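Peer 1: Sequence:
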Amino acid sequence: MAPWLPRLHLFEFHDQPWFHPWFRAKVQAALTETWLMTIWPLQSESPASIVARQLADELRRDGSRAKQQQHVVVDYCAGGGGPIPMIAKHINKDLQHQQPVHFVLTDLHPHIHNWALAAAASPHIHYAPSSVDAANSPPGLLDLVEPPLPPELAGKRTGSSADAGVQAPRIFRTFHLSFHHFDDPLALAILRDTMNTSAGFAIVELQDRHLTSFLAIFLLGIGVMVFSPIFAWRWRSPGTFFWSWIIPVLPFVLVWDGWMSSARSRTRLEVEDLMRRCGASEDEVKKWHVKSGKKTHLPPWADVHWIIGTREGDE
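Numbering follows the numbering used here, with no gaps: position 102 of the sequence shown is 102.
Treat the hints as calculated values from the structure; they're not laboratory data. Bear in mind that the values here come from a model prediction, so they are computed numbers and not experimental data. We put the beta carbon where it would ideally sit given N, CA and C, even for glycine. Wrong hints could be hidden among the right ones.
[Said to hold, decoys possible] Across the chosen pairs, the derived CB separations fall in these ranges:
no.	residue 1	residue 2	range
1	E282	F218	42 to 48 Å
2	W4	I112	26 to 32 Å
3	L269	A116	36 to 42 Å
4	H113	P185	30 to 36 Å
5	S44	E282	40 to 46 Å
6	N196	E45	30 to 36 Å
7	K294	L8	18 to 24 Å
8	H20	D57	27 to 33 Å
9	L108	W4	27 to 33 Å
10	T38	R236	19 to 25 Å
11	F218	R277	32 to 38 Å
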């Protein structure tokens with residue numbers, strides 16, 4: 001089904017440098033809860049668990065093609081961490097009979113405190129303490145992360161003589177609720193860098209450009225108001241209650257930015273068009289297979305959407 005409207009790169013409060021850090025942190029926290037929550041009996045699983053299952057299947061297929069080469073998933077524009085801790089847990093449980101998958105959190109503005117807590121809770125989570133531009137990812141990124149990746153991965157990365165002939169890990173990039181923030185010139189640069197340095201990528205969104213997405217986001221705003229007393233108590237944050245019920249700034253921003261995110265979202269065909277225009281050769285583009293899908297996480301309208309690209313032509 002064709003989108004309800006053409007892609008429009010519209011104004012979001014969350015993107016603005018003047019948007020107060022306290023409100024930005026609460027908006028990010030609300031989005032993280034959206035990723036992780038399961039509202040019984042309406043939801044059987046969270047959006048993060050749906051994504052984890054999809055990525056696990058993709059990594060399993062890619063590992064089979066690549067003769068069990070180990071993966072490192074690098075999450076760009078990770079914010080406070082979002083769904084990655086839960087995704088890492090689910091994927092490594094699902095792939096328990098294979099080599100573990102390690103995850104690296106990166107952002108232009110690193111959230112080191114949040115990431116360090118996530119890394120302390122899981123041996124499979126790491127983070128880049130310095131700023132990382134998704135359009136110009138540093139070649140030695142995996143050597144710069146904290147905590148350091150396991151020695152066997154370090155040896156593969158450095159290409160030491162002791163590990164001669166050992167294949168480097170396959171880099172799989174993810175963009176969770178972030179790719180819609182990029183205008184076309186930036187998206188072109190990011191895809192070019194991705195195609196140069198990665199074996200695959202996943203663009204995951206909780207919205208699209210169909211009317212049902214706009215309705216689901218409106219209901220999200222109502223849900224924020226309903227659950228704000230619980231989160232205000234959990235976060236020890238009276239301000240969360242005040243700015244959700246007394247003056248409903250947080251629900252308004254979440255709904256407005258959610259609608260603008262819907263208008264900014266891209267389809268698989270639009271991503272494939274960007275790949276053809278990003279500067280890669282025709283032969284390089286042909287090596288990539290791109291697919292998309294969605295699954296409802298909260299009936300009737302709230303869906304998880306994914307666009308997954310894998311390099312297959314040079315296997």
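Peer 1: Hint by hint, note whether the structure agrees.
Peer 2: Consistency of the hints with the structure:
A beta carbon spacing of about 43 Å between E282 and F218 agrees with the range 42 to 48 Å that was offered as a hint. Between W4 and I112 the CB atoms are about 39 Å apart, so this pair departs from the stated range of 26 to 32 Å. In this structure the hint that L269 and A116 lie 36 to 42 Å apart at CB holds, the actual value being about 40 Å. As the Cβ distance of H113 to P185 is approximately 32 Å, the hint placing it in 30 to 36 Å holds.
Restraint check, S44 to E282: a C-beta distance of roughly 44 Å satisfies the suggested window 40 to 46 Å. Judged by the Cβ atoms, the range 30 to 36 Å given for N196 and E45 holds: they are separated by roughly 35 Å. At about 21 Å, the beta-carbon gap between K294 and L8 stays in the expected band of 18 to 24 Å. For H20 and D57, the hinted distance range of 27 to 33 Å is not satisfied, since their beta carbons lie about 40 Å from each other.
For L108 paired with W4, a C-beta distance near 31 Å keeps the hint of 27 to 33 Å intact. Taken as a hint, the range 19 to 25 Å holds for the pair T38 and R236, whose Cβ atoms sit roughly 23 Å apart. In this structure, F218 and R277 meet the distance hint of 32 to 38 Å, their C-beta atoms being roughly 34 Å apart.
Hints 2, 8, counting from the list given before, are not met by this structure.
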